[in-house]
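Let the hints inform the model, and build the full structure from the sequences given.
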Amino acid sequence: MSIWEYANPVKFMQLSGRVQPWAWALTGISLAIGLVWGFFLTPDAENFGASVKVIYVHVPAAMMAINIWGMMLVASLIWLIRRHHVSALAARAAASVGAVMTLIALMTGAIWGQPMWGTWWAWDPRLTSFLILFLFYLGYMALWSAIENAEAAADLTSVLCLVGSVFAILSRYAVNFWNQGLHQGATLSLDAEQHIANVYWVPLLFCIAGFMMLFVALLLLRTRTEIRLRHLRALEQRERTA
Amino acid sequence: MRALLLRDLRLAVRGGGGFGLGLVFFLIVVTLVPFGVGPESGVLARIAPGILWLGALLACLLSLDRIFALDHEDGTLDLLATAPIPMEAVVAVKALAHWITTGAPLVVVAPVLALLLHLPSEGYPWLVLSLALGTPALSVLGTFGAALTVGLRRGGLLLSLLVLPLYIPTLIFGAELMRRGMAGMAVQVPLLMLAGITTACIAVMPFASAAVIRMNLRQS
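For the record, the sequence lines run as chains A and B.
Number 77 in numbering that gives the first Met the number 0 belongs to position 78 of the first sequence; there are no gaps in the numbering.
Number 153 in numbering that gives the first Met the number 0 belongs to position 154 of the second sequence; there are no gaps in the numbering.
Think of the hints as simulated: they come from the structure by calculation, not from any bench.
Quick caveat, the model's predicted, so the values are computed rather than measured.
Each residue gets a CB set at the ideal place from its N, CA and C atoms; glycine is no exception.
One thing to keep in mind: the hints can contain errors.
Unchecked claim - Computed spacing ranges between beta-carbons, pair by pair:
hint: 1; chain 1: B; residue 1: I46; chain 2: A; residue 2: G27; range: 44 to 54 Å
hint: 2; chain 1: B; residue 1: M184; chain 2: A; residue 2: I168; range: 23 to 33 Å
hint: 3; chain 1: B; residue 1: L78; chain 2: A; residue 2: V9; range: 41 to 51 Å
hint: 4; chain 1: A; residue 1: W122; chain 2: B; residue 2: V36; range: 16 to 26 Å
hint: 5; chain 1: A; residue 1: S164; chain 2: B; residue 2: R6; range: 31 to 41 Å
hint: 6; chain 1: A; residue 1: P20; chain 2: B; residue 2: L156; range: 33 to 43 Å
hint: 7; chain 1: B; residue 1: L78; chain 2: A; residue 2: A241; range: 35 to 45 Å
hint: 8; chain 1: A; residue 1: P42; chain 2: B; residue 2: G183; range: 49 to 59 Å
hint: 9; chain 1: B; residue 1: P83; chain 2: A; residue 2: W21; range: 56 to 66 Å
hint: 10; chain 1: A; residue 1: N7; chain 2: B; residue 2: A194; range: 41 to 51 Å
hint: 11; chain 1: A; residue 1: G27; chain 2: B; residue 2: A185; range: 46 to 56 Å
hint: 12; chain 1: A; residue 1: W122; chain 2: B; residue 2: A44; range: 18 to 28 Å
hint: 13; chain 1: B; residue 1: L191; chain 2: A; residue 2: I80; range: 25 to 35 Å
hint: 14; chain 1: A; residue 1: W21; chain 2: B; residue 2: R152; range: 43 to 53 Å
Unchecked claim - A few chain B positions that, by computed beta-carbon distances, are all more than 10 Å from chain A:
hint: 15; residue: R1
hint: 16; residue: L10
hint: 17; residue: V36
hint: 18; residue: V111
hint: 19; residue: H117
hint: 20; residue: P124
hint: 21; residue: A182
hint: 22; residue: G183
hint: 23; residue: Q187
What follows is the structure, given as C-alpha cells:
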C-alpha cells in the first residue's frame, strides 16, 4: 500500500469520488465561518476602516496563488520522473485555478489599494511579481491547449513549469531590486513575535483553510473531468478504428 | 559542430531577409518612439535606456521562430537528432548562430540608434556593455522557447507569450545596469547579476532545450 497506487486512474477516481463531497463540505464550513466572522463580527481597524476586511479574501488567494504553482511543480516532476498520467492531468487542472487565484489577489489588492494608497496599481515588487506569476500561468495554460498530442503536451508543459519556476523566483528578486515597495511585509508567519491582532487573525486562519479546501475540491473536480475527457477520447478513437 | 554553425550562418545571411530584418525592426521601434512620446530631447534621453533594451529584446524575439522551424519542416532536425553529436551541442550551436546573426549586430547598431534618442554621452559604454552581456541570455532563452513550440503550426504568438516572461530578469538587470551606469551610481550588483544570469542560462538552458526537442521529435 503506497501513495503511488492512486496513480492508477481507476483507483484515483474511486478515492477522489469518495473524498470530494467531504472536501466541498469542509470548504463550505470553513469559508462560512471565516467570512461571516471576518466580515461582520470583527471591529474596523484603526487606520483602515472597514477596508481591512479585504484581507479575508486577499491573503488566502495570494497564498494559494503561490502554493498552487508549487503543487504544479511537484506534479510536473512526478510526471517527468514516474510518468503517472494522473499527475500530469492534475497539474493541468490546477493551472487555471491558480490563474484565477492570482487574478483575485491582484483585483482585491487593487480594490484595497485605491482608498489606502490612493492608486489602483503601483509598480511595487510584490504587485509586479504577482503580475509576472499571472503571465507564467497564462503561458503554461496556452501551451497546454496548443499541443494536440496529450503525452507531448504533458512533457513540454512540465519542462516549462520547471524552467518557469526558476525564472519566477528570479523575477521576484529582480523586481525587489528594481523598485522599492509600498506593500507591507508578511502578515503571518510561524516564528514572528507579533502577528496582526488576534481578532483578525483567527477568522483569517479559517479563510485560509477554506481557500485551501476549495482548491482541493476544485482540483479533484477538474482532475476527474480531465480523466473522463481522456477516457472519452480514447473510446471515440477505438470506435473509429474498429 | 563547426560545420553546423557555418551552415546556419550561411543560411541566415543568404536565406533572404532573416539577417537584416531584426536590425530594421530595431530601427523602426526606435523611430516610432519619438512619435509616441514627443520629440523633446530631455524626455527621450530619460527613456532611451529602456527603449533601446526593449527594442533589442523585441528584435531578438522576432527571429526566434526561425531557429528550428525550417529545420523541422524539411526533416533536418531528425537527421541532426541521429547525428553523432549530442542534441545539447546542436541546440547550443543554434543559439550561438542566432546570437551571431541577431544579438551581436544589435550590440553594434545600438550606439548609432542611441544617437537618435539623445542618449547622454556617458551612457554609451554602459549601453554596449549591458547589451553585450545580456543578449546571449536572450538568444539561449529564446532557443528554449523555439524548441517548445517547434511542432506547432502557428506557434509564433505562443512563442512570445512563453518567452517574454522568461526575459524579465534579464531586462530588469540590463536596463538597471545602464541607468545606474549613466547616473554614476554603483553598478556592481546589476553587472554581476546580469553576467550571472547569462552564464547560468548558457550553462543550463541547452539541456532543457535539447530535452524538449527530443520530446517533440518523439511524438512525430
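Evaluation of the provided hints:
Distance hint check for I46 of chain B and G27 of chain A: the Cβ-Cβ separation is about 52 Å, which falls inside the suggested range of 44 to 54 Å. Judged by the Cβ atoms, the range 23 to 33 Å given for M184 of chain B and I168 of chain A holds: they are separated by roughly 26 Å. For the pair L78 of chain B and V9 of chain A, the supplied restraint of 41 to 51 Å holds, since their beta-carbon distance comes to about 42 Å. Between W122 of chain A and V36 of chain B the CB atoms are about 18 Å apart, so this pair conforms to the stated range of 16 to 26 Å.
Roughly 35 Å separates the CB atoms of S164 of chain A and R6 of chain B, a value that falls within the hinted 31 to 41 Å. In this structure the hint that P20 of chain A and L156 of chain B lie 33 to 43 Å apart at CB holds, the actual value being about 41 Å. About 37 Å separates the C-beta atoms of L78 of chain B and A241 of chain A, a value consistent with the hinted range of 35 to 45 Å. In this structure the hint that P42 of chain A and G183 of chain B lie 49 to 59 Å apart at CB holds, the actual value being about 51 Å.
Taking the beta carbon of each, P83 of chain B and W21 of chain A are about 57 Å apart, inside 56 to 66 Å as hinted. As the Cβ distance of N7 of chain A to A194 of chain B is approximately 48 Å, the hint placing it in 41 to 51 Å holds. At about 55 Å, the beta-carbon gap between G27 of chain A and A185 of chain B stays in the expected band of 46 to 56 Å. Between W122 of chain A and A44 of chain B the CB atoms are about 21 Å apart, so this pair conforms to the stated range of 18 to 28 Å.
Between L191 of chain B and I80 of chain A the Cβ separation comes to about 34 Å, which falls inside the hinted range of 25 to 35 Å. Against the hinted window of 43 to 53 Å, the Cβ-Cβ separation of W21 of chain A and R152 of chain B comes to about 45 Å, which satisfies the hint. No Cβ of chain A comes within 10 Å of the Cβ of R1 of chain B; the nearest lies about 29 Å off, and the non-interface call holds. Every CB of chain A lies more than 10 Å from the CB of L10 of chain B, the least distance being 26 Å, so the non-interface label holds.
Remark: the non-interface label on V36 of chain B is consistent with the geometry, its nearest Cβ contact in chain A lying 18 Å away (cut-off 10 Å). Non-interface status of V111 of chain B relative to chain A is upheld: no Cβ of that chain comes within 10 Å, the nearest being about 28 Å off. Interface exclusion of H117 of chain B from chain A stands, the closest Cβ pair being 24 Å apart, more than 10 Å. With a least beta-carbon separation of about 22 Å from chain A, P124 of chain B lies farther than 10 Å from that chain, consistent with its non-interface assignment.
At roughly 15 Å, the least C-beta separation between A182 of chain B and chain A is larger than 10 Å, which holds for a residue marked as non-interface. Look at G183 of chain B: its CB is around 18 Å from the nearest CB on chain A, clear of 10 Å, so calling it non-interface holds up. Every C-beta of chain A lies more than 10 Å from that of Q187 of chain B, the closest at about 12 Å, which supports listing it as non-interface.
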